[in-house]
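Asker: Per the working numbering, residue 11 is the first one in the sequence shown, and the count goes up by one each step.
Don't take every hint at face value.
[What the hints assert, rightly or not] Derived lysine-lysine pairs resembling DSS-like cross-links, with alpha carbons at most 30 Å apart: (1) Lys150 / Lys38; (2) Lys127 / Lys273; (3) Lys127 / Lys190; (4) Lys78 / Lys190; (5) Lys78 / Lys219; (6) Lys220 / Lys78; (7) Lys273 / Lys293; (8) Lys40 / Lys154; (9) Lys293 / Lys150; (10) Lys154 / Lys273; (11) Lys219 / Lys293; (12) Lys190 / Lys152; (13) Lys40 / Lys150; (14) Lys154 / Lys59; (15) Lys154 / Lys38; (16) Lys293 / Lys152; (17) Lys220 / Lys150; (18) Lys219 / Lys154; (19) Lys150 / Lys59; (20) Lys190 / Lys150; (21) Lys40 / Lys59; (22) Lys273 / Lys150; (23) Lys59 / Lys127; (24) Lys59 / Lys38; (25) Lys78 / Lys59; (26) Lys273 / Lys152; (27) Lys190 / Lys154; (28) Lys127 / Lys154; (29) Lys219 / Lys127; (30) Lys154 / Lys293; (31) Lys190 / Lys40; (32) Lys190 / Lys273; (33) Lys190 / Lys220; (34) Lys219 / Lys190.
Just so you know, the hints here were simulated from the structure itself, not pulled from any lab data.
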Amino acid sequence: MAYTRNQHVLSQWVLRNFRSDDTALRPKDKQRVWCHVVVPSAEGENDIKDIPLPISSVAICKDCFRLKDRDTGEFFDIEHELSEYEQDMSVLVRELVQHHQFARLANCHIHDFPVEKLSSFAVLQMILNLNNPQSRFPDKDKLKATLITPLLNNIDEHISAALSLPVTQPALASEPIYQKLMRIAGSSSEVEEKAHAMFVVYSLLALQKKPTPVGTAAYLRDEIFSGIYGIDVFHTGHELNSTEPRPVFTVSPNVFCPLIDEKVIYLPLSHNFALRFNQRPGKGFYSDPIIRIFSPAPQVLCCENHSQVRIYQCSYDYIDQVMSTIDMFNVGFSNIIYSSWQLSDVENYLRLQDEHPDTYYLPERPVRWAAVADKS
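All chains should be modelled from the sequences, with the hints used to inform the complete structure.
Answerer: The structure is reproduced here in structure tokens:
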């Protein structure tokens with residue numbers, strides 16, 4: 011896939027969670043993902059093309075927000091700062107996807123708040139995706155201008171404040187991320203390019219609860235993800251390395267799928283796990299949310315018993331409905347979606363459903379899984 015300047019592609023660790031079935035067991039540098047590119051047909055309908063994308067080709071030489079150093083003339087970017095943040099996030103997602111530690115989602119402590127951490131990552135990805143030419147996000151350019159214009163209108167003050175950090179805030183000035191902020195402020199690049207890079211660094215600082223003059227990203231997180239009172243976990247019934255016919259979740263560069271009318275937000279974590287945040291009117295996050303886990307094969311989960319966790323056995327068709335909702339959102343808001351399947355695999359899976367209805371359509375409704383319910 012050709013690189014476009016300022017196009018932020020999903021990180022490798024995210025794409026590996028959606029790696030193609032035929033490369034699932036290969037070494038990391040040999041894995042790929044199916045990239046589905048949505049193009050309009052002659053009839054005006056969505057026409058989806060399959061492209062096998064090597065994961066190792068993503069995020070290696072990205073020069074998002076590339077700037078020129080005033081002193082050396084060398085080009086630099088903020089990829090290291092983005093990568094450090096994303097690496098920290100990958101640890102949490104790995105605990106959920108590989109070790110099934112979903113009881114942690116009920117934690118709302120200042121030092122262990124997974125829901126806030128996940129929502130922070132989703133908002134940062136939304137901000138980065140505003141620079142993605144493949145995004146179909148409504149009023150994308152208008153939203154980006156709304157975020158950047160206040161900073162641009164006061165760019166001289168922001169540059170002066172950043173360059174003054176060694177004097178005004180020497181402790182902060184010793185931290186690498188603030189040093190990068192100072193380097194951006196002193197860059198010889200165009201003012202608008204500096205403003206965009208500064209805004210992303212400010213966003214990283216805000217989402218990590220570090221001092222920043224612009225806390226817009228944290229505000230957006232608290233607005234978009236406010237009122238969460240319950241969290242649903244959807245499991246396809248298969249393990250991460252599975253290559254069996256099964257429902258598979260897709261992901262797009264925007265990562266999360268907010269359905270405003272339904273008051274829910276979907277967040278796919280891997281091809282076999284997706285979250286749904288259930289909301290009600292109100293500000294902030296509710297403490298002690300109930301965690302419901304839905305799976306056609308709950309016996310393969312290694313969840314700990316927890317008073318806030320409920321596990322239900324559901325049909326594969328039930329998971330299919332969730333999968334379809336996420337797919338429709340992704341296709342509607344992005345020209346690119348990523349999956350572990352080719353489109354032809356979907357047809358084979360649907361054929362198996364028709365041939366084995368009891369396997370795929372029962373139980374008709376999710377039922378509390380007795381093996382866990384009895385223990386708790």
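Asker: Let me make sure I understand: some of the numbered hints might not hold for this structure. Which ones are they, in numerical order?
Answerer: 1, 8, 13, 15, 23, 25, 31, 32
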